[in-house]
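S.K.: Below, each chain spelled out in residue letters.
Number of protein chains: 2
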Amino acid sequence: MYRTSTCGELRISDVGKTVTLAGWVQRSRKLGGMTFIDLRDRYGITQLVVENDLSLGREFVIQATGKVVERESKNPKIPTGDIEIKVESINILNKSLTPPFTIEDQSDGGEDLRAKYRYLDLRRNPLKKALELRHRIAHEVRNYLDAQGFLEIETPYLIKSTPEGARDFVVPSRMNPGQFYALPQSPQTFKQLLMVAGYDRYFQIVRCFRDEDLRADRQPEFTQIDCEMSFVEQEDVLGMFEGMMRSLFKNVLDVDIPNPMPRMSWYDAMDKYGSDKPDVRFGMTIHEISSEVQGHGFGVFDSVPYVGAIAVPGAANYTRKQTDELTEWVKRPQVGAKGLVYIKLNEDGTIKSSVDKFYSEEDLRKVAAAVEAKTGDMILVLCGQKRKAQTMLGVLRVEMGNRLGLRDPKVFAPLWIVDFPLLEWSEEDGRFYAMHHPFTAPKPEHLDWFYSDKKEDLERVCANAYDFVLNGTELGGGSIRIHEADVQERMFQVLGIGKEEAEYKFGFIINAFKFGAPPHGGLAFGFDRTCALFGGQETIRDYIAFPKNNQGRDVMIDAPSKIDAVQMDELCLASTVKEDA
Amino acid sequence: MYRTSTCGELRISDVGKTVTLAGWVQRSRKLGGMTFIDLRDRYGITQLVVENDLSLGREFVIQATGKVVERESKNPKIPTGDIEIKVESINILNKSLTPPFTIEDQSDGGEDLRAKYRYLDLRRNPLKKALELRHRIAHEVRNYLDAQGFLEIETPYLIKSTPEGARDFVVPSRMNPGQFYALPQSPQTFKQLLMVAGYDRYFQIVRCFRDEDLRADRQPEFTQIDCEMSFVEQEDVLGMFEGMMRSLFKNVLDVDIPNPMPRMSWYDAMDKYGSDKPDVRFGMTIHEISSEVQGHGFGVFDSVPYVGAIAVPGAANYTRKQTDELTEWVKRPQVGAKGLVYIKLNEDGTIKSSVDKFYSEEDLRKVAAAVEAKTGDMILVLCGQKRKAQTMLGVLRVEMGNRLGLRDPKVFAPLWIVDFPLLEWSEEDGRFYAMHHPFTAPKPEHLDWFYSDKKEDLERVCANAYDFVLNGTELGGGSIRIHEADVQERMFQVLGIGKEEAEYKFGFIINAFKFGAPPHGGLAFGFDRTCALFGGQETIRDYIAFPKNNQGRDVMIDAPSKIDAVQMDELCLASTVKEDA
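Protein chains in written order, with this note's numbering: chain C, 1 to 581; chain D, 1 to 581.
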């Protein structure tokens, strides 16, 4: 061992001991013939004092032996700040080129440069804390689930391409020319087979893969906490994983979350928050005001099925410039509103709107009452198709929450969203899609509708499905699965998947279900995002040791890259990319 | 919840309680107007008694409610054997087709059939025990390493193809046409980068991938316990992981293993056991007898550099037929000997060999003394090039150990193999290969030889490398890594990897090492095989939930398989497989 102590452990009680430390030179400064060195390792920083002039570059790796002494000028900011090491011998273990950016909490390096030198960026404290937190959460998850009798069972990564959902990454098989494995988008099928196999309580912290056109903060590979249970109903699953999240909050962050955790139906979430992942850290809920505002001659409102509004607290003093800016903001394609109507409840008791010529003060006060607005608030109104308008209001609500500082990352407001619709109709494709996935069970009390041929009946079938939402982010979701072959066949029928296609695509699981599938259900949590939110961050990139960029590239190792012609031949593959491309 | 109790938990103390159980019908028999059902779940089997004739197929999933009563004829073989459930109501949750093989400890199904219906095979007790053991070992590994301050850090699965070692599986990148990711053969590079990044103690239970022509009991995807530490020397790594294995043996199997664990140099292992993974559960070690047998006119021995022998205890009574069979056995290509000489030390005191015309009884007694053979033993002699002959003797030794029942899977004899040669010379390719991998450090005391240009100097350089061997199987191995750029460059030079090639293949890690790489080292354990050996099995397939067959196929889901032409186009790939192929 190159050290007797780490750079984070020595205290005033260690004074007098002779120790050896090893680590990186965080900082080195000469002063009156002495050299002061801040030596850093994973565990902290300790000051070394060398009694001569020493030239050590930043990030040199050194080993130093000396006596622990009390510091004259203590540093209360670090746990080792009461002591320093009076160095007797020093040994340079490795030199370092000057890093291309500073290894400080706030680095001077740009994102691209830090990505290229990820191994240096990872030396910075915020990233170290992020990965330590990730380890801690994974460990707590495993301890909780192990104590509850869950078995962690590894499922294969080289599987078969499945047609539903996003695009698969595929892996050519050299031993089976012309054939491909696929990398799993999730272990969904396998965990259900494990339930058929009688494993009862399964979990896995597992990598998943999706070949999507990457949006910001999406990764082609990501990690899930994947879980499944047998002989359970929805209530059992919610209870089990509420318990898991509660124990994580308590053991990792020392935060108490409500017991029981709040629940909200999907319909309420959409109506009140315009989102199936509502941020309930703040109110400002959406209210429908169609009956209050329609029939007053304002064509915009009269021509749509839905008018809704939120009351933004204390925003009555917004200037014309500010409301104009907000109007432009909602008209951006990301939101997609055609315009924005506002009503200000001024502090002086007056009321003023952008549509005064259509509405009397009394009309506006009725709206204010419907929206539960108070003096000093500004009401923001959007309209259109119901769900679309609600969604826009939801986006606007979150934006106003941000602007008003209502979204404190240190406040945690988890809840379950339940009672999802089972199916979503796609106008474009003229067919139903499964809102969760094709193995999600309809609520037993909705089975009549499920077997109906009418579109409107099918649209109102609710699923035994649930999402875990935290601070406006969906952290997890799942469902009770279909375990009866005839219900599964009906599901494929509703989704327009023919018998032959179903047999080809899902044959093995349909078949498996014929051999005694138990009632079962489960869920999966997005692990990267769970870590980020626990760390008080919105982006996941710092919580992944070696993430890819938005083009799916690892710029540090320069992957993906070309492969040898020999390897292409062995795989019986030819590239159709033009060489100039 | 569909149950109040599992099928494994009810005892005599529960008599009188009303309970609900759910599970699979293991067995159902009618007797005098009653039906007796063995109901099975993950936790055990409980007998149900129904007071009428009931027809339930094997593997039906049922739910039954009734009173716990004391059994008249108790079954001492199962923990629930004192009680049965007097059923009041029964509910068929799902029917089952008749399984294609019996769900018993010894199934009547063939391997292929069981592979196709893996989800049914997994219902059998031996497989359930195997996966439970796997979970338990993984959990203990994590607890031990967490307590030692290790962080589990996930490394990417979509990486860059690396040229050393086995073939990579590759993944075409749709977003980067003509380019490929590779699946990692191990996280070697990343764990070393984590050390450069200062993470100090890293581990990961991680999937690895190798596109090899599959031998029996190899899998294209397999799991490793991958570990790395900074500021350590070989002794620190051995101590840490000896501790891990000791805690696994104790906590999982309640087996005490020696402290400290035995160590053996690679040279001793080859000389005495003819293997770098010696099975030390039994003796029968190899002895060189060149000086005893050469120069007696027996051309076969005189024309080779090495003659070696083992003394097989109690085998002097082997018949001519048996020795003939043994001779044929060593002549098989898998062993590759040209012939076998034997010397029998008969119980009656006589000595008899297959080469009596060249050797006097006194000559033979000298050999017997050299081999430490006792009366009743049979000495088996092979010859040739030293390492080749030793390897053949090693294979023969293990075979004789098997035949004599000396390899009890419930006996555990772990040891470290140390002092490996750093380099292996390939006559075929006329170049050196790294015996472990190109990042393994030479022993500091051998650096002069390492920098020498002479082949014989380079051949005697030892590595700071170590293997963990259990019962004749290499379970793990690792090394202290090269952390100095100039030593790494020399290593590439010795391996015939040119500057440009090294820059192209390993540029990023060579570069990383210029920014302050700490001294570091680590190792990886084969997790699948560790589980199998802990379970007393030699084959890993039962310890993997969904393994592939020897052609790399998952016959249950039928993967790999063809993919759509659309997907091929998106990936800019064309198949060069002829349609008839």
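For the record, the hints were derived by calculation from the structure and aren't laboratory data.
Keep in mind it's a predicted model, so treat the numbers as computed, not measured.
All C-beta atoms in this analysis are idealised placements derived from N, C-alpha and C, irrespective of residue type, glycine included.
Just so you know, not all the hints are guaranteed correct.
[What the hints assert, rightly or not] Which chain C residues face chain D? A few, computed with CB under 7 Å, are given here:
#1 Y2
#2 F101
#3 L122
#4 F492
#5 I563
[As the list claims (entries may be wrong)] Label pairs and their computed distance ranges (CB to CB):
#6 C:K250 x D:V577: 55 to 63 Å
#7 D:Q322 x C:M1: 34 to 42 Å
#8 C:K250 x D:Q334: 52 to 60 Å
#9 C:P100 x D:K388: 51 to 59 Å
#10 C:Q537 x D:S89: 17 to 25 Å
#11 C:S426 x D:V577: 31 to 39 Å
#12 C:D213 x D:P262: 37 to 45 Å
S.K.: State for each hint whether it applies.
M.R.: Now the hints, each set against the structure:
Of the supplied interface hints, the one on Y2 of chain C holds, with its beta-carbon coming within about 4 Å of a beta-carbon of chain D, less than 7 Å. Contact between F101 of chain C and chain D, as hinted, is not supported at the beta carbon level, the nearest pair being about 11 Å apart and thus beyond 7 Å. This hint holds: L122 of chain C has a C-beta 4 Å from the nearest C-beta of chain D, less than the 7 Å allowed. The criterion of a C-beta within 7 Å of any C-beta in chain D is not met by F492 of chain C, whose closest approach is roughly 18 Å, and the hint is violated.
The interface hint given for I563 of chain C holds, since its Cβ lies 5 Å from the closest Cβ of chain D, which is under the 7 Å cut-off. Separation of K250 of chain C from V577 of chain D is about 57 Å and conforms to the stated range, judged on CB atoms against 55 to 63 Å. The supplied range of 34 to 42 Å is broken by Q322 of chain D and M1 of chain C, whose beta-carbon atoms lie about 54 Å from each other. A hinted range of 52 to 60 Å for the beta carbons of K250 of chain C and Q334 of chain D is consistent with their spacing of about 58 Å.
A C-beta distance of roughly 52 Å is found between P100 of chain C and K388 of chain D, which places it inside the suggested range of 51 to 59 Å. Look at Q537 of chain C against S89 of chain D: about 53 Å separates their beta carbons, and that is not inside 17 to 25 Å. Between S426 of chain C and V577 of chain D the C-beta distance comes to about 36 Å, which sits within the given range of 31 to 39 Å. Between D213 of chain C and P262 of chain D the C-beta distance comes to about 57 Å, which lies outside the given range of 37 to 45 Å.
Going down the numbered hints, you'll see the structure goes against 2, 4, 7, 10, 12, while the others check out.
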